[in-house]
Amino acid sequence: MTDIVQRYFDAFNAGDTDAMLACLSDDVAHHVNEGDIRIGKPAFASFCDHMTRCYRENLTDMVIFHNEDGTRAAAEFVVNGTYLATDEGLPEAKGQTYKLTAGSFFDVANGKITRVTTRYNLSDWIAQVS
Numbered sequence: 001m002t003d004i005v006q007r008y009f010d011a012f013n014a015g016d017t018d019a020m021l022a023c024l025s026d027d028v029a030h031h032v033n034e035g036d037i038r039i040g041k042p043a044f045a046s047f048c049d050h051m052t053r054c055y056r057e058n059l060t061d062m063v064i065f066h067n068e069d070g071t072r073a074a075a076e077f078v079v080n081g082t083y084l085a086t087d088e089g090l091p092e093a094k095g096q097t098y099k100l101t102a103g104s105f106f107d108v109a110n111g112k113i114t115r116v117t118t119r120y121n122l123s124d125w126i127a128q129v130s
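Numbering (UniProt numbering), first residue to last: 1 to 130.
One thing to keep in mind: the hints can contain errors.
[What the hints assert, rightly or not] Okay, the calculated beta carbon distance ranges per label pair: (1) Gly95 / Glu68: 41 to 51 Å; (2) Asp26 / Ser123: 29 to 39 Å; (3) Ala85 / Asn110: 35 to 45 Å; (4) Glu68 / Gln96: 35 to 45 Å; (5) Asp3 / Ile126: 33 to 43 Å; (6) Gly70 / Ile126: 30 to 40 Å; (7) Ile126 / Glu68: 37 to 47 Å; (8) Asn67 / Thr97: 18 to 28 Å; (9) Asp10 / Val32: 13 to 23 Å.
Rather than coming from a laboratory, the hints here were simulated on the basis of the structure.
Every value quoted in this text rests on a predicted model; they were computed, and no experiment measured them.
All C-beta atoms, glycine included, are put in the ideal place defined by N, C-alpha and C.
Could you put the whole structure together from the sequences, leaning on the hints where they help?
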């Protein structure tokens, strides 16, 4: 079901965490590129707060795919970003801009996203901001 995934990404690009959360199940599993799996909307909201503090990003060139029954989806896109505040363990932030290709994968049930997995090339990002 690409509709819920499209709404999720529209909310991301609008910087609207509440609208993103509205797309998620209460027990959403959030698999980040580097780090532990976060379970539940509160953990997802905390992640979003951290990301908003450290990064400003806009996603373009979005292509969304889904399986026939709408229970799984994937998206490929370009992340256009600015590194705003130093993220722990990463290079110092000085307002550097970056551009990365990335992908996200979703499980969907009962009209809500139950899993979000995002992947990008961390080495490429580090090279761009170093």
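If you check the beta carbons of Glu68 and Gln96, does the distance land in 35 to 45 Å? Roughly 42 Å apart at Cβ, these two residues keep to the hinted range, so it holds.
Within 13 to 23 Å or not, the Cβ separation of Asp10 and Val32? Between Asp10 and Val32, where Cβ atoms are some 21 Å apart, the hint holds.
Using the C-beta atoms of Gly95 and Glu68, is the stated range 41 to 51 Å upheld? Cβ of Gly95 to Cβ of Glu68: about 45 Å, so the range 41 to 51 Å holds.
Just to be sure I understand the hint, the distance between the Cβ atoms of Ile126 and Glu68 should be within 37 to 47 Å; is that true here? Check passed, 38 Å falls within 37 to 47 Å.
Do the Cβ positions of Ala85 and Asn110 conform to the proposed distance bound of 35 to 45 Å? holds, 37 Å
Is the hinted range of 33 to 43 Å satisfied by the C-beta distance from Asp3 to Ile126? holds, 35 Å
Kindly confirm whether 29 to 39 Å is satisfied by the beta carbon distance between Asp26 and Ser123. holds, 35 Å
That 30 to 40 Å hint for Gly70 and Ile126 (C-beta), does it hold up? Holds: the Cβ-Cβ distance is about 36 Å, inside 30 to 40 Å.
Quick one: are Asn67 and Thr97 within 18 to 28 Å, going by C-beta? violated, 35 Å
Hint compliance for this structure: hint 8 alone is broken.
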